[in-house]
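Protein chains: 2
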Amino acid sequence: MGNPTLHDVARAAGVSYSTADRVLNGRGGVAEKSIQRVRQAIQDLGYRRDMTAANLSRRRSYRFAAYVPQGDHGFFSAIRRAFLAESQRRAGQRIAINLRDVTEPVTDCDCAVTVGADQDRIDALTAAGIPVVTLVSDSPGARRAYIGIDNLVAGRTAGRLHRIAHRGGPARVLPILGSAGLRDHRDRLAGAIEVLGPGSLLPAIAVADDPGRMRALLEQALRDDPGITGLYSIGAGNRGLIPLMRERGGDRPFVVLHELTPHSRAALQDGLIDVVIDQKPAEEVARALDAMKAIADGEAPAPVAITPAIFFKDNLPGDTP
Amino acid sequence: MGNPTLHDVARAAGVSYSTADRVLNGRGGVAEKSIQRVRQAIQDLGYRRDMTAANLSRRRSYRFAAYVPQGDHGFFSAIRRAFLAESQRRAGQRIAINLRDVTEPVTDCDCAVTVGADQDRIDALTAAGIPVVTLVSDSPGARRAYIGIDNLVAGRTAGRLHRIAHRGGPARVLPILGSAGLRDHRDRLAGAIEVLGPGSLLPAIAVADDPGRMRALLEQALRDDPGITGLYSIGAGNRGLIPLMRERGGDRPFVVLHELTPHSRAALQDGLIDVVIDQKPAEEVARALDAMKAIADGEAPAPVAITPAIFFKDNLPGDTP
DNA sequence: GCGAAAATGACAGACGTCAATCATTTTCTT
DNA sequence: AAGAAAATGATTGACGTCTGTCATTTTCGC
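Protein chains in written order, with full-length UniProt numbering: chain A, 1 to 321; chain B, 1 to 321.
Think of the hints as simulated: they come from the structure by calculation, not from any bench.
From the three backbone atoms N, C-alpha and C, an ideal C-beta is built for every residue, glycine too.
Warning: the hint list may mix true and false statements.
As the list claims (entries may be wrong) - Not close to chain B: a few residues of chain A, all C-beta gaps over 10 Å, as computed:
(1) Arg121
(2) Ala127
(3) Thr157
(4) Ile164
(5) Leu182
(6) Arg183
(7) Ala221
(8) Asp274
(9) Ile310
Unchecked claim - Have a look at the derived ranges for each label pair, beta carbon to beta carbon:
(10) A/Asp123 x B/Gln43: 53 to 59 Å
(11) B/Tyr17 x A/Asp101: 36 to 42 Å
(12) B/Ala300 x A/Gln269: 27 to 33 Å
(13) B/Ala302 x A/Gly212: 37 to 43 Å
(14) B/Ala190 x A/Gln220: 50 to 56 Å
(15) A/Gly212 x B/Ala54: 51 to 57 Å
(16) A/Ala300 x B/Ala266: 29 to 35 Å
(17) A/Glu247 x B/Gly46: 48 to 54 Å
(18) A/His263 x B/Glu194: 22 to 28 Å
(19) B/Leu45 x A/Gly28: 39 to 45 Å
(20) B/His7 x A/Ala127: 39 to 45 Å
(21) A/Ala128 x B/Thr5: 27 to 33 Å
As the list claims (entries may be wrong) - Now the stretches of chain B that chain A is said to cover, found in silico as 3 or more residues with beta-carbon under 8 Å:
(22) 6-16
(23) 151-162
(24) 199-210
Starting from the given sequences, assemble the full structure and let the hints guide the process.
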């Protein structure tokens with residue numbers, strides 16, 4: 001009928017429930033041959049511990065902490081919103097998500113997620129014995145899972161879109177970096193170079209994710225090189241890019257940028273930009289929580305590959321983003 | 001500390017546990033004023049029934065049935081695989097998924113999902129009092145949730161990609177239908193027309209999702225109209241399209257088609273086609289199961305919008321699709 | 001105000017696991 | 001072989017909910 005219980009395992013192994021329990025939960029004090037027999041019975045019966053019963057008994061509710069940078073970049077606030085929504089959605093599943101600011105100190109919890117490569121915090125959490133999942137921005141080192149897009153792939157995607165848009169013709173695409181120091185941005189740029197080749201990509205300008213700088217530097221670049229046929233904005237600060245495109249009217253380069261925000265969405269709809277590559281923050285958050293739950297349950301988190309979404313003016317998601 | 005329990009609710013409402021339980025589970029035989037007080041207490045305390053404990057007690061494991069059409073189209077087999085994988089993944093959550101063939105009769109279960117618009121089956125399930133979720137293909141009527149892409153949006157996306165690829169030049173795009181009778185296909189075509197306009201879209205040919213027909217009819221069409229600059233394959237049967245593109249060498253139209261299968265994937269990598277629009281079967285299945293669980297728990301399923309994925313040769317998902 | 005019906009309370013045994021205690025048996029030491 | 005140590009078994013009471021029974025109280029019709 002139903003799945004086998006630990007009682008069934010104990011019976012099959014010819015030991016008492018207590019012994020089976022000691023083996024399962026590693027409480028020690030069990031003879032090697034008993035351990036083997038219990039393990040074998042678990043195998044044979046295909047026993048899987050019922051996590052709902054286990055958690056009920058432990059009266060454990062998963063305590064997760066999420067460290068999200070400040071800033072209303074639009075992107076981080078989308079991440080925040082996603083965490084709150086998931087927190088709501090999983091309330092019946094004994095999952096409590098503590099949304100914390102990056103400035104707050106580390107507190108105890110079952111698993112933590114950091115948004116962005118905040119190495120110091122990751123180290124602090126790891127030192128405290130808390131497993132860490134990184135979201136959005138990977139950071140090599142002792143973390144248990146990375147959830148986010150592959151930025152090399154994202155960059156290649158942007159490059160491919162420019163290629164398609166320049167079909168048959170030569171391309172002069174200007175890449176706009178937030179900062180050359182950010183690994184994510186470097187990866188995206190590298191991806192674009194892979195597809196477009198160095199010949200079609202101009203030297204990147206860096207605008208520090210700042211709309212003002214974006215506007216100033218981009219205006220300058222477009223004046224200096226009237227032959228620019230494409231823009232690839234790798235980081236943030238696109239509020240400075242959009243009005244420039246509006247001013248140019250019909251004659252503007254093909255524009256690809258990242259992250260679907262209210263601004264970029266409106267610009268797409270207005271035909272001021274062409275493509276938005278989006279990380280799907282809500283999905284990333286949901287997957288991150290799945291991974292955290294798996295880690296807290298002592299399982300290996302399922303590897304997830306998030307393919308960035310590609311938005312045109314025609315396939316924008318509705319009111320349920 | 002933890003969440004309030006039904007005991008807490010009863011205490012706050014000034015009634016016994018029994019009465020609170022009767023209200024919560026609608027067992028009847030409760031005075032109106034007691035109902036109100038319990039409801040109020042639930043509100044005040046923010047009580048949410050602990051589903052894990054409830055399910056444990058009911059010794060309920062969710063019994064779901066999935067009706068997937070036969071056929072190794074590649075797409076349906078991907079759906080099947082996704083169901084099996086999710087079945088595995090959720091084994092610890094007392095979720096049993098019964099993958100059934102469309103020819104099998106309806107059996108009792110907590111919620112069913114049909115892939116494709118199989119109205120007869122939906123009616124049979126509904127008549128048996130089983131809530132139904134439809135996957136991939138919507139069918140208006142008494143069903144509880146639809147999980148799948150918006151095919152109008154998918155068609156618009158295809159149209160937009162052709163537009164981008166034809167930037168500055170006139171377009172002659174040939175749409176290739178599976179069948180004009182399928183609502184999904186009609187929607188996709190309509191979407192493409194919205195973006196490209198009737199002027200750029202040639203009259204559609206219909207190939208009945210059959211590779212042989214595809215090959216024959218498409219070859220004919222390309223001969224008849226050498227000015228074709230784009231193909232939009234709306235249905236299946238692309239195994240007949242791909243070799244044609246190979247034969248044409250460098251000079252081929254811009255090709256957009258649907259569903260990432262081993263064939264279409266290889267064709268993308270070989271540069272024989274340009275874009276694949278994919279429904280993300282694995283994600284659809286996962287979302288469908290979420291919805292089914294919510295329905296079985298008596299909650300309203302969260303509305304989900306699945307944005308079709310757009311694949312080029314550069315952003316194909318790795319070994320974890 | 002009386003009897004019947006309705007409403008309520010009290011309680012108990014599940015569900016599968018955890019965690020602890022204590023008694024008993026087996027194995028090891030020398 | 002006796003005593004110590006290790007291993008095992010038996011048992012119990014949670015966790016929060018469901019479901020049932022049964023006794024008691026309240027309400028209602030007349």
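Now the hints, each set against the structure:
1. Arg121: holds (27 Å)
2. Ala127: holds (27 Å)
3. Thr157: Given that some Cβ of chain B is not farther than 10 Å from that of A/Thr157, nearest at about 5 Å, it is violated.
4. Ile164: violated (5 Å)
5. Leu182: holds (21 Å)
6. Arg183: With a cut-off of 10 Å, A/Arg183 remains clear of chain B, as the shortest Cβ separation is near 19 Å.
7. Ala221: holds (22 Å)
8. Asp274: violated (7 Å)
9. Ile310: violated (4 Å)
10. A/Asp123 x B/Gln43: 53 to 59 Å: violated (44 Å)
11. B/Tyr17 x A/Asp101: 36 to 42 Å: holds (41 Å)
12. B/Ala300 x A/Gln269: 27 to 33 Å: holds (30 Å)
13. B/Ala302 x A/Gly212: 37 to 43 Å: At roughly 39 Å between Cβ atoms, A/Gly212 and B/Ala302 fall inside 37 to 43 Å, so the hint holds.
14. B/Ala190 x A/Gln220: 50 to 56 Å: Taking Cβ atoms as reference, B/Ala190 and A/Gln220 lie about 45 Å apart, which means the hint is violated.
15. A/Gly212 x B/Ala54: 51 to 57 Å: Hint holds: Cβ distance 55 Å, inside 51 to 57 Å.
16. A/Ala300 x B/Ala266: 29 to 35 Å: holds (31 Å)
17. A/Glu247 x B/Gly46: 48 to 54 Å: holds (51 Å)
18. A/His263 x B/Glu194: 22 to 28 Å: Since A/His263 and B/Glu194 have Cβ atoms about 25 Å apart, the given range 22 to 28 Å holds.
19. B/Leu45 x A/Gly28: 39 to 45 Å: This hint holds: roughly 41 Å between Cβ atoms.
20. B/His7 x A/Ala127: 39 to 45 Å: holds (40 Å)
21. A/Ala128 x B/Thr5: 27 to 33 Å: holds (31 Å)
22. 6-16: violated (count 0)
23. 151-162: holds (count 7)
24. 199-210: The restraint on the region 199-210 of chain B is violated, since only 0 of its residues have a Cβ under 8 Å from chain A and three are required.
In this structure, the earlier hints numbered 3, 4, 8, 9, 10, 14, 22, 24 are contradicted, and the remaining ones agree with it.
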